[in-house]
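One letter stands for each residue in the lines below.
Protein chains: 2
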Amino acid sequence: MVDEIYPVRWEDGKVVMIDQTLLPAEHKEKSTGSCNEVAEWIETMVVRGAPAIGVAAAYGMALAANDLRDKSRDDFDKGLLKARDRLARTRPTAVNLFWVLNRINELIEINPHVNPNEMADKVLTEAEAIRDEDLKMCMTIGKYGAELLPDEGGVLTHCNAGALATAGYGTAVGVLRAAWEMGKKIHVYSDETRPRLQGACLTCWELDRMKIPFTMITDSMAGHFMQKGNIRLAVTGADRVAANGDSANKIGTYTVAILCKEHGLPFYIAAPFSTIDFDCPDGSCIPIEERDREEVLCIIPGGDTYDHINVANPGFDVTPHKYITAIITDRGVAYPPFSESLEKLREIP
Amino acid sequence: MVDEIYPVRWEDGKVVMIDQTLLPAEHKEKSTGSCNEVAEWIETMVVRGAPAIGVAAAYGMALAANDLRDKSRDDFDKGLLKARDRLARTRPTAVNLFWVLNRINELIEINPHVNPNEMADKVLTEAEAIRDEDLKMCMTIGKYGAELLPDEGGVLTHCNAGALATAGYGTAVGVLRAAWEMGKKIHVYSDETRPRLQGACLTCWELDRMKIPFTMITDSMAGHFMQKGNIRLAVTGADRVAANGDSANKIGTYTVAILCKEHGLPFYIAAPFSTIDFDCPDGSCIPIEERDREEVLCIIPGGDTYDHINVANPGFDVTPHKYITAIITDRGVAYPPFSESLEKLREIP
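Just so you know, the protein sequences line up as chains A and B, in that order. Residue numbers for the first sequence follow our numbering, so the first one is 1030 and each next one is one higher. Residue numbers for the second sequence follow our numbering, so the first one is 1030 and each next one is one higher.
The following block holds chain A by itself, in its conformation from the complex (with noise of 0.2 Å):
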């Protein structure tokens, strides 16, 4: 039995975190009444990845509504939109945080008539089904993927799309998973992930909790590991993907696909059907976020005498749909051309 991982709750009034910038050097909880600090903890990565940002977002405007429920109906409603404004830009480039917002926003716009105290209900109850759905979706995409990989054989994976980016069980990792429960004789190679490591700190510490055979690497390694035959196919998470399959991840993602190009392997997205973007047609119009200096630094012995140097830290990449085999979701797998077979499934009632 695995020892199941939420990286966010509601618990009393409160909501409840994994300080996951503690990992794995600790397994701690911490929890706050307060939207704001929600916000600050999306920026500061006590909770991260695109699915799990936007299940915290949801319980911070469930927070924001909490804070509201004895003022007018007009103060409510000023109050949720500095919530959603502070909310949205804690990160630019996950969609599912927007997609969130947009649908708390929109519960509030169709009920315009009632009172704060109910609204404040009606939030929270939206915000555990954002929930409950991500888990299920996570489930279903873990189901759907599974079927894809091998019977047995290494598998690379890229920065942390586990039960700790999402509101449980995880996409990429999710498929992981699945397989593994299935009987299905996998090798997990985890890049560490520069410059946060969250590959190392977060995907390793899942993988050592499920006792799913694994091995880190650095992300300079995964090409030699393609090139002796150790790992046959690769499967990420996704932040943003356009309309065209153009798809944003974590930085390196982007080098990952390509190794899987060169060496003939498949690679594959795992991403809830949330992350599409249709307004968004292709990878040059999804933003990246260029994160602070001191990420990359931080771990450099001295690096501390560089002040004066020119450091990059763009948080991710867009792989141009032509590189990925296939799109796992949770409405089924979407295969080339995306424009059309995304939108087959966004069909889907």
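It cannot be assumed that every hint is accurate.
In this list, chains with the same sequence are indistinguishable; a pair is considered to hold if it fits within one copy or across any two.
To be verified - With a straight-line cut-off of 30 Å between C-alpha atoms, the simulated DSS-like cross-links for lysine-lysine are: (1) Lys1214 <-> Lys1290; (2) Lys1351 <-> Lys1290; (3) Lys1165 <-> Lys1373; (4) Lys1107 <-> Lys1151; (5) Lys1172 <-> Lys1213.
I should point out that these hints are in silico values taken from the structure, not numbers from a laboratory.
Take the given structure of chain A and dock chain B to it, following the hints.
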């Protein structure tokens, strides 16, 4: 004027090295009169980089010879054999090390009747010649390589093939330096080069001293900057080049070469001619050193809780010749087919 960097030098009967494990935080030298200590310093990467290891090994032999001046010739020979074996066990991938040890061995063999005192002088003279030749070779490589660089634009390098990796001046970084000194407006992208971070700690430190404009990136970012058009070519060193052009270099070099191919960019190797191992028909016979897992784990926060997990740490990978645009040596530039062009360079007296 550039403040020249000489990582290994001989001074008053001792070997003096810049302690590269302290850079960029501290620029400090340490000295030793013991060949064993030189071997340890090669193992612990006080000195690293194939040509610099060769120079260090040559001086290590000179130290061993120094200690045997008063012995019988038989004991001298036995002592030097022991020193050679010790030095040969330090790092298996770089061919320069073995080339240097063989060269000193030959010197001993062709002088069977010279007394140990004179032999020790001969060994030191040979070591000094190896050092001087390496420095001259690097400057020649720089001159040949600079011609291949565009008048402006981004150039990627991986690991450190700079002054610190050689007797001075550098191979791949020597090419960048020569181009910059010719007035070419290049901008270097320096991969940090996990796990040991030689790019971040050494190449960036060198580029900074030389005031060549550069940006530090993680290994996972190179693809992204090629996709954006910021990088126009890549140049790296090599630890061993097979007769067919297959080149072993720091782990991650193979990925850089594939990224270049996919983006239609040239990928150059810059290395002294002595790096070419004609006894090695192709990359499959180059031994790849597996290094300590702690090198990977030591920067992972909480990595000490990972005692039981698998961590891979191949120090090098092999880039097949088909990905290499040209090999820049001190005897000239070799183009494909390398089995012919390298052989032709070999015939140059």
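Problem set entry | Index of numbered hints that the structure contradicts, given in increasing order | none
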